[in-house]
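> Sequence:
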Amino acid sequence: HSHLHLSVTIVSCYRGYDMKGLRNRGREPAADTLPEHYTSRKKSSKYLLPMPSSHLIFLLCFLVSIFLITVFVEQQLPLPLQISDAEQYPDRFISERAMNHLMRLTDIGPRTAGSYENEVLAIKFFKEEIEGVLSTANPVHHVEVDIQKTSGAFPLTFLDGMTNVYRNVQNVIVRVSSQGVQSPFSLLLNCHFDTVSGSPGGSDDGASCAIMLEILQVITQSNQPLKHNLLLLFNGAEENLMQASHGFITQHKWAKEVRAFINLEACGAGGREILFQAGPNHPWIMQIYSETVPYPYASSLAQEIFQSGVIPGDTDFRIFRDFGHVSGLDFAWSKNGYVYHTKFDNVSQIPLGTLQRTGDNILALTLGLVNSDKMDDTDKYAAGNLVFFDFLGAFVFRWPEEVGFLINLCVIAMSAYCILYNMHVAHGRDVGHTVYMKQLVLSLCVVLACLLLTLLVNAVIAVLLSALSSAMSWFAHPVWIFFLYICPTLFVPMSVLLFVSKWQRPLVGSPWTLYQMYSDSYQLMWTLILLLCTLLHIRSGFIALLWIVFSSLENIICANLLRHWR
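Under full-length UniProt numbering, the sequence shown has 95 at position 95, and the numbering climbs by one with no breaks.
Mixed in with the good hints there might be a few duds.
Below are the BS3-like pairs computed for lysine-lysine, each with C-alpha atoms no more than 25 Å apart in a straight line [stated by the list, open to error]: (1) K124 <-> K149; (2) K335 <-> K253; (3) K227 <-> K374; (4) K256 <-> K374; (5) K227 <-> K124; (6) K227 <-> K253; (7) K374 <-> K343; (8) K127 <-> K253; (9) K256 <-> K227; (10) K438 <-> K502; (11) K227 <-> K380; (12) K124 <-> K438; (13) K256 <-> K149; (14) K149 <-> K253; (15) K343 <-> K256.
By construction, these hints were calculated from the structure, which means they are not laboratory data.
Using the sequences and the hints given, assemble the complete structure.
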């Protein structure tokens, strides 16, 4: 949509709306086609003419540069801490130590559930690593370790009529509590150590296991006792459709203590972990996330996309939610998705900065949740869902769904006012309300047609690539995405707008009115989308909300403060 909006702006500035340029070509514009203030203040220095092409190019280059710098800064990973830094930072996550755990785990090789590598060697690995960690534990902590073998069955909701049956799958569970008075409530931190066949599982989900082992070391070496218990579940059968997590949450003796959980997953390697599922309900968990993590990356849009079933995947989050009836957070890496579930998912794909970033976030979140007073009575804070999204990884915007309903209605009303105001201004330029409404509807149809035509053109390009045996050839060289898909996305709507606006221009007269008409058509489209999201309680409507807010603010500022500048 940003490409299409840019197309409207470029076309409007390029199509001979520079009055000086028209005169130079010997085509003095008629008075009735000029903006109202231009005819009344023709010689006023206050009124500035449309932007020259050189200025437009400079502005576009400046905006692109700002965008690229912002993306670069946002995606920078923190400086990883080495083992030599541990003495100086005893309460910090040490990524090098976590990497050592990961290398030893992946050295076992693929760990398919039921295999010798998974059921014997991996269990032996965790016993040895946990014993090594606990040998230096602070005596203020009481630590217990349990190896669970569990059997059971449960229905597969996404495969109607089928039942998932498992036998003797294994879990390694560590329970950390205060040596003094022990709490009856626990926070669950979950990962899985099994892999798909043929994959060493560096990111899925060996890295999460390494992060949890390092978190265990940092917490147990601290001299601060935990307010509530911490359960670390290393489950041994997730790839078989979440069998081990089901065995834990339905049968283990510590399962009934769980009041909230954090699930660590991966569908890629490296980069930033995204919070893509939260809840159900219990907005206090999301509140603690936004207050504690140093590098937030979260969106309720990602949650609704994943839970819609469009992405064919599932995690232990659903098992804890549906069978344990507890709420929590679900994290995953998604960068470099082409190594997911392949032999290339190895340690070399995971930079230390990624482990440091995820470790810093999950450690801070774990301490925030396990020491929260709200864990004492989670039912008291259960009501409601949140609309949430981060801003450039710096902080999180969040508000309750009920408040979002009121915000959406106010923004829809503000948008309607701006569109009606622009219609009134256009009427003052001899464009009747009826003509304006008809052309506004036509402009909206053109915008929607541009969207559909752009999708069609991109689909044709994709089909041609498949026919040439080059499907997803851009995956190895992402720069080709710009030429294959972004260029058509930009130039197809520009071509359509050039053609249609040439026909609309005589009916509308003023080029500014035509430009404002297309701007209003975009705003009307987003307003209708926001209205639909509000009625259907779709929290992802905040995307439309942001477009409308800034577009409406632009209208209000231009109408009241910059009336003589275009």
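> Under the criterion that the straight-line Cα-Cα distance not exceed 25 Å, is the pair K335, K253 satisfied?
37 Å, violated
> Is the hinted pair K227 and K374 satisfied, with a Cα-Cα distance of at most 25 Å?
Judged against 25 Å, a Cα distance of about 11 Å means the pair holds.
> Can you confirm whether the C-alpha distance between K127 and K253 stays at or below 25 Å?
Holds - the C-alpha atoms of K253 and K127 are around 20 Å apart, at most 25 Å.
> Check whether the Cα positions of K374 and K343 lie no farther apart than 25 Å.
43 Å, violated
> Has the given pair, K256 with K227, been kept, meaning a C-alpha gap of at most 25 Å?
17 Å, holds
> Quick one, are K227 and K124 close enough, alpha carbons at most 25 Å?
31 Å, violated
> Starting from K227, check that the Cα of K253 is at most 25 Å away, please.
20 Å, holds
> Mind checking the alpha carbons of K149 and K253 for me, to see if they're no more than 25 Å apart?
12 Å, holds
> Quick one, are K343 and K256 close enough, alpha carbons at most 25 Å?
38 Å, violated
> Compare the distance between the alpha carbons of K256 and K149 with 25 Å, and conclude whether the hinted pair is satisfied.
Within the cut-off at roughly 18 Å; holds.
> For the pair we were handed, K227 and K380, check the Cα-Cα distance against 25 Å.
18 Å, holds
> Just to be careful, I want the Cα atoms of K438 and K502 compared with a cutoff of 25 Å; is the pair within it?
16 Å, holds
Comparing the model with each numbered hint stated earlier shows that hints 2, 5, 7, 12, 15 do not hold.
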